[in-house]
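Engineer: Protein chains in written order, with my numbering: chain A, -10 to 675; chain B, 415 to 941; chain C, 1068 to 1255; chain D, 6 to 106.
Derived DSSO-like pairs (lysine-lysine); straight-line CA-CA distance at most 30 Å:
1) A:K585 <-> B:K579
2) B:K579 <-> B:K887
3) A:K585 <-> A:K569
4) A:K43 <-> B:K809
5) A:K127 <-> B:K809
6) A:K40 <-> B:K809
7) B:K887 <-> A:K180
In case anyone wonders, no lab produced these hints; they're calculated from the structure.
All figures in this text were calculated on a predicted structure; none of them were measured in a lab.
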Amino acid sequence: MVRAVASVPLVLAAGEGGAGDLSSGGFFAETAWIMLVLPFVAFLAIILVGKRMKGLGAELAIGAMGVNLLWASVLFVQNMFEGIYREVNLTIGEFGTFAGRRLAFELGFVVDGLSIMMYWVVAFVGFLVFVYAHGYMKGDIRVPWFFASLSLFAGSMLVLVGAPNLIQLIIGWEGVGLASYLLIGHYWEEKENSDAAVKAFLTNKVADVGLILGTILLVPALGTFRFSALSAAADAHSEALGGVAVAGALLLFFGAMGKSAQFPLHVWLPDAMAGPTPVSALMHAATMVTAGIYLMARTFPLYHQMATEARPWMVTIAVITLFVLGFLALVADDLKRVLAYSTVSQLGYMMAAVAAGGYTAGLFHLFTHAFFKALLFLGAGSVIHAVHSNNMSDMGGLRKEMPVTFWTFVVGSLSLAGVIPLAGFWSKDEILATLGHEGYTAFMWVAILGAFVTAFYMTRAVALTFFGTYKGHGHPHESPPVMTAPLVALAVPSVIAGLLNIPGVSWGPIRNFTDWVGARIVPMGDYHPKAIEWELAAYGLIAAVAGIAVGWRLFAPDAETQQARDRLRIPVLYPLLHNKYYIDDLYMKGVVNPVKGPLARAVDWVNGYVIDAVINGAGAVTAWLGGLVYGRLDQQGIDLLLNAAAGGTGGAGGKLRLLQSGKVQQYAGAFVVGALLLVVAFVLVT
Amino acid sequence: MDWFESAGLSLIVFLPAAGALALFAVPKAREDAQKWVALLTTGLTAVLAVAVAANFNYGGSEKFQFEVSQSWIPAIGARYHIGVDGISLPLLVLSAVVTVLAVIYSWDHWEEPRNVRGFLALILLLATGMNGTFVALDLVLFFIFFELVLLPMYFMIGIWGDSAKRRIPVLGRTVTMRLYAAIKFFIFTLFGSAFMLLGFLALYFRSGDFLGENTFDIPILIALGSQNAFGSGTFAFLVFGAMFLGFAVKVPMWPFHTWLPDAHTAAPTVGSVLLAAILLKLGSYAFLRISIPILPDMAREWAPFIGLLAVIGIIYGSLACLAQTDVKRLIAFSSVGHMGFVMLGIATMTDVGFNASLIGMVAHGLITGLLFFLAGSMHHRYHTREIARMGGNQKLMPWMGGIFAFTAMASLGLPGLAGFWGEFMSLLGAYRPLAGLSLSQFQTYMVIGAVGTVLTAGYMLWMLQRVNLGEPKAEWSDHEFHDVEPTEWLAWAPLIVAIVAIGVYPRIVLGATTDAVVNLARTAFGG
Amino acid sequence: MTFSEWIAEPVNWAFLAMAIPMVIAALRVVTSRNVVHAALFLVLALAASAGLFILLSAEFVAWVLVLVYIGAVVVLFLFGIMITRAPIGRETNLSHDTRWPAAVAALGVFAVTFWLINAVATQMGGFGDPLPAVGRATATGILGEGFINRYLIPFEAVGFVLLAALIGGITLARKDLTPAEEEEGARV
Amino acid sequence: MVLTQFLVLGALLFSIGVYGLLSRRNAVTVLLAVELMLAAVNINLIAFEAFWNTAAAHGQIFAIFVITIAAAEVGIGLAIILLVFRNRASGNIDQLDLMRW
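Let's have the full structure, built from the sequences with the hints guiding it.
Structural biologist: Printed below as a string of structure tokens:
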């Protein structure tokens, strides 16, 4: 009974865990742990020997990622044909009991539709970005450390998405946070960068409180950290879970808000652009920031079946994120910041979908977004590499000098804007359909407006960067193939990925995306449109086209107009957007600085002047009493009294040193009094 | 291996003391020989401790093993009774291992006035006291070992400490830090110990009422405690209070903590390390070994109060850290916060909480010990502990900076490293405290504790940013810096490995403790 | 035993006859303004306690007290007083100016001790029992056997302490001579 | 005779000794007060001995030990006073504050 956990089979495969018609995979599913471990091995190896290698450790990182890509691809393809479910938990320590049940920490991995999709996205985008970075970081001051950190990130991210339980998820979760901290602050010689890194870490730490408390709330009810148990309990509307479901769900969501940069915890993401561009592409666009969405998807049954009261709140937050924060991309001059705000906004779409009940819709957008947003970032990196500036006011007219970058960037932008038939259109359309179907009609319209804003700022970015005349210095030229090849490789799925999940279309034996990610231990039971809703699609498309048109009109492709338009400063609105709705200021001036400054100093003051004063004062009082007891009320004694009195008025109070008066008789007196007190106390106690 | 069963623990306890004596047989000028004597004795002690851990029966970790019980002072019924169980085993191993590392680190780091023999002898004496406390199963023996650690530490701080002068607020007097700190440490602890001794004596005399003869024997008293022999009246209240004072000062709990920053800041590096890694654990260990099992009813009654002080400590320590300008002082205050988590775990009075406190103690010992090593080595190189004068450490000494960053991350409780488990489990424990304790009260503690983790991250990151990152200050431009040296590697590598190992595989600690704390919670509180 | 019963026993008159002067003498030891007087009052107090020892049938101890204390120690005291040129005669500066805290501490000690004696006596009910009759003096031989049997090691240790004190006293009190004085001493 | 009367007398004597110990300024008189306290202890020892009347007379033996140690103590104490007096030309104890830091 007490050993209940130990008796649960370590491997939950199809059939055993009630996963119905899912297969247990094969060799590659059994050995999926290699993916979780390999990047860490690379991390250590790079730290130890990277400096002495020809490619400064990059080859180790790329090699590890290549193997991972192989594994993930095989699993991905396997999962297309038949759903895989396999879960392995290894106990790493039992630690106590709750209501008679032993609780244990476990590590392991899970191979199912959701995690396979994530493995593949991480491995695929990761591999391309690693390759790209090999070119991009050439000549950097800390190449080995860069690739070590990237490997650390890849490992942590895979640990996160492969987590079969909340504990492992938390480990991976904070691991990617650490990697993000290290990489944002890659150029830590400048304070801005290290500030951004600290900001990212701290903001995420605030959110992690939610994740940890949510875990703590849910676990006693379940008796285990396993997601499979959580899903099953939620699916069965377990009573034990009932009391804490909503609170636990909201706390987990709070954790997700931090990682996925939801309003109002989004502040770290734009600043995170201080890191090198490949980092922004991989972590702060394609993978790490989707961890929050992933968490919501992983625990989807909890939200879908039990914590339904929590969902409206979550949708509201997500829609605020997608709409309000999208505007910020309109005024940013830094190309990467434009993309960062766009990422925040797109994360809002995903979150809105999952929160509203669109498990597949949210994940599908995550899937497509990973490609085109990584593509956009890498393209931006290519441009930045060429012009040595992040600012669009130093760019312009680059379409001729950098044709590959230009065309792939345009593809990415169109996909992001949601132009048919590119990937972004299909995934965004499904989100809109889900919002509409689940009854969030008003939010659906806001999301459509958001699509307009998206198209608008992306057009602005394209126009300012590639059209008009060049405003920077030097002669930019196209990046080397090691950088353009990943762009092309990402452009392909950015175009065609949408076809994988067209409502009502199934691709024969390989089925479609909905079925792939539906391979879970319990059915998700979310909404899938049966056929394309052309009316809704048309609204979305109109919004996108309108956005492009307005953007094009405003930021017409000649230098003078561009500069004139870009100086367009609408009163009230522009300062509001420029200052990021003053949210950063609120945090810094309202919370961080007061805590760091006055509050901390006050506590320190209390330590020295109150608690210690009591101690020192006790010493002084003892000495003072000593002065009386030993008849020291002569010259010195009066002095003492005066000093003690002066202490109250801010002068010298007690003097601990007077305990050490050197007067043997005072010691003897203290001894007598102390002995008496002890005797009395002893007698009283016994 | 019969001799090992019976004499192993005694050897672990007294070998260092014998080594200290042997040191004085070596001529004063033969410093190398002295170092080897110290290294061999502590090394052998550590090997024995590991051997004890290896031969420990983990299936019965709730029982005392390697037990020895000999008549000692028959007049008062004090016995030479020692043994280890799952609660003390990790701490014993930690203590034995950290001592070796301290000796290794000392190999070429000596503070002025240089006196190799004296310093090493104090370390060895300290080791006897620490190891002895963790194995003592007799209150008199426990008290003696508990107090024995005072003297070496007092001299360590008082002789080799920081000779800077500092103006003490309120006191209005400029004092030499090491003297002030040493005396403050000594008086504080002695103040607590006096009450603790009273509590022990009271237990002794009261135990006669049930047994017919008075006893200091801890297992017997625990057996009495599990039947609630000492009740919940004024007697038990006062006894618990007296022992609480003694232990809380040692932990230290807010507001008895003010000796800690001064002692840590003033102590020589090795002193700080041992103080942080082991000495602070004596108090919290004593709660688990003595207070709670012997007086369970009172423990339940005092729990909300202990929890309150613990969470105040967490928040207070973190905030105080944010205001520090001295690296060592900052780390010292971080101990206040971390020990707050340890005590919060204990206050929940559940097995999860006890386990949290134990793994928290081990993790804190490893992490904060390493942090003090690092702070000492940086002080050694910069000749200052002022954070404001550092910066760009990562650039001047890449490995040192890297290890510092790693340790700071471990200290802020990064999951996957040792520090996480203690924090997480004590919060988990606070969510479901012992039945009968106020749920809402402890859940409030939990939330406050969770906020504390954010503050912890805040000050650690801020410290890292100021010490490690940025460009080095101009004053160091023509200064030669040595990165981590061989002895430092030797002393630190085991700690680094242990931090990662426990972080990834907490069973290293939990495997020993879990059965023991489950049993402790069950015998103390039933159910 | 009531007070009247107690006072009816003649042996208690003897007790009072010694105890009262003893207390008065003791008080004078600590209050006298003349060092020599104080030392002489100590002689009186000790003599009274020797008398009490005889009452308690501890003759040998009583004589040891007289010989060692009154004979030797007090003489030593008087020598000490003379050598340190302590003011013989009335001296106002012998005590601290404010003495009441000391008095409070002393009264505290007495109160606590008295309370304990009283409490224990009441609790045990045995302290009121009469002591064995006067007259059966302890044979000195018993003491001697005690010293060389059971208490042999302490006895030796005390002997050692005495020796150490002897040497220590000499070393401490010996006046270090200047080279010139040493020369002079050598000549003599 | 009962035991209590001796114990009370001893307590009284001891308290007087404490008073002297704490209130006296002259070192010699402080030593005298210490002697009083020792005498009080002796009274207690002898009284207990008489009360329990052990065959081996432990109490008396201890009293003799006390007396012996007291003699040694006086010898050393006076020697120290002598030394201090020589260096400081004063026999007042409150000038002995060398232990101060």
